[in-house]
Each structure stands twice: as structure tokens, then as C-alpha cells.
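Peer 1: With the sequences and hints as input, model every part of the structure.
Residue numbers (my numbering), protein chains in the order written: chain E, 1 to 120; chain P, 1001 to 1107.
Careful: at least some of the hints might be erroneous.
Label pairs and their in silico Cβ distance ranges [what the hints assert, rightly or not]:
1. Gly55/E / Ser1031/P: 25 to 33 Å
2. Thr1005/P / Gly42/E: 35 to 43 Å
3. Arg67/E / Ser1056/P: 35 to 43 Å
4. Lys1039/P / Asp73/E: 31 to 39 Å
5. Thr28/E / Thr1020/P: 35 to 43 Å
6. Ser17/E / Lys1039/P: 32 to 40 Å
7. Thr1005/P / Arg67/E: 24 to 32 Å
8. Thr103/E / Asp1028/P: 15 to 23 Å
9. Glu58/E / Ser1030/P: 22 to 30 Å
10. Asp1017/P / Arg19/E: 44 to 52 Å
Quick caveat, the hints were computed from the structure, so don't treat them as lab data. Ideal placement from N, C-alpha and C gives every residue a C-beta, glycine not left out.
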Amino acid sequence: QVHLVESGGGVVQPGNSLRLSCAASGFTFSDYGMYWVRQAPGKGLEWVALTWYDGSNEHYADSVKGRFTISRDNSKNTLYLQMNSLRAEDTAVYYCARGITYTYGPFDYWGQGTLVTVSS
Amino acid sequence: DIQMTQSPSSLSASVGDRVTITCRASQDISSFLAWYQQKPGKVPNLLIYAASTLQSGVPSRFSGSGSGTDFTLTISSLQPEDVATYYCQKYNSASLTFGGGTKVEIK
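Peer 2: Pasting the structure below:
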């Protein structure tokens, strides 16, 4: 059974950094593209970042480009999101999600999410 | 960047009604369109991908259609458990934009 478990969220001051992790199990992690998606309180879904199955390709939403970095460790079945220069508008629940293919694709499994609050 | 516009933003319908939600892309995205359902307080769930392919386990009252720029999600007979917000998403390129969502309630 596919499981995605995010961790690393919390309260952080503007300008500071945070690293999120997503532990994957129940499938061959290195066969799938992986994604981060966020949802601000009471708002809609926003795709944040993607990495191909082998980490060879990464893409970011314009809102986080240059501040966030997605990475993966296929030997540890873990996805990461390094978030630097955090802003109040980055406050959201952050979900990791699995794509249905090894590159771009919709998301067939989601974690439960981890809340990031950026506040002084 | 391609924008995804959903309409309506919310709707209220009776149990058993046929419900249609529209998603429009600002440029041609072929059939690279997915629909998700997010129930209150829950994680999003993939309903349809490739514009019209039903994800495994999704009830057959859900269907999708369209290609190019105009897409629809149809619930053939609305059930109480369908109360949720529905999102479309394009995935034809590295920018996987979501629509703004349509909140569906029971009248």
C-alpha cells in the first residue's frame, strides 16, 4: 500500500529556512515523478515543485523559484523541499504527491500534509 | 503561463441532480487534464486524468470530457458524499497549474 508521510513543518520567522521531508513506502520510489503541492488556509491548491523519477529534472512554480529546492534520495525513498527566504504568503499545508508516471503527470497518491506557518 | 479557469466557483444542487463543472485553459493543452475531489478537511483525490479516464475506484457517476481548451466534469446523479471542492489541473508541461476550484453543496 502506498504511503507518503510528510514531516518538518512548523512555525518559522520571515526570512528563515525550513526543510520538509516526505517518506515514501509501498512502491518503487525511483520509478515515479514526485511533487510538492501547497494549500494556504481556506484557499485552493497550488503546485510548488516537481522532480523526475531520477532527479534529473526539476521545475518550480514562479512563486517559489529561486527560494525553494526540491530533491530526492532514491536510496532512502525520501523526497525533500528546502525552503529558504520564507515569506508570510508561504504559509500553507504542504503535501507531497506521487505522479502517475516517471516524468510529468497527475497525482494519484498524496500524503496527509505538514503545516508551515511563517510568522514573526 | 497557461491559466486554468473553472466555473462556476460554487454551486448548490439537489441529490440526484446532474452536475456539470467547466474548466477552460488559456491555451491548447490537448487532453492533459485531470480532475480532483477534495472533501472538507481531507486530502485531494484523483478522479479523472487524460480528460476522460476514470481513476481506479472512482464511482462511474463521475465522467470527464473535452480536449484542447474546454473541459467538463459531470456528476450524473449527485450524492451526499459528493459534497466537496473540485479542481482541474493541467499537466502538459512542467507547470502543473490547478484551476481555482468549484465548491459543490447539497441544496
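Peer 1: Now, for every hint given, state plainly whether the structure supports it.
Peer 2: Evaluation of the provided hints:
Look at glycine 55/E against serine 1031/P: about 28 Å separates their beta carbons, and that is inside 25 to 33 Å. Hint check: threonine 1005/P to glycine 42/E, Cβ distance near 20 Å, so the stated range 35 to 43 Å is violated. Arginine 67/E and serine 1056/P have their C-beta atoms about 37 Å apart, which keeps the hinted 35 to 43 Å range intact. Remark: the range hint 31 to 39 Å for lysine 1039/P to aspartate 73/E is upheld by a beta-carbon distance near 32 Å.
At roughly 38 Å, the beta carbons of threonine 28/E and threonine 1020/P sit within the given window of 35 to 43 Å. Against the hinted window of 32 to 40 Å, the Cβ-Cβ separation of serine 17/E and lysine 1039/P comes to about 33 Å, which satisfies the hint. The supplied range of 24 to 32 Å is met by threonine 1005/P and arginine 67/E, whose beta-carbon atoms lie about 27 Å from each other. For threonine 103/E paired with aspartate 1028/P, a C-beta distance near 20 Å keeps the hint of 15 to 23 Å intact.
Distance hint for glutamate 58/E and serine 1030/P: a CB-CB separation of about 24 Å, consistent with the stated range 22 to 30 Å. Evaluation of the 44 to 52 Å hint for aspartate 1017/P and arginine 19/E yields a pass: the beta carbon distance comes to about 46 Å.
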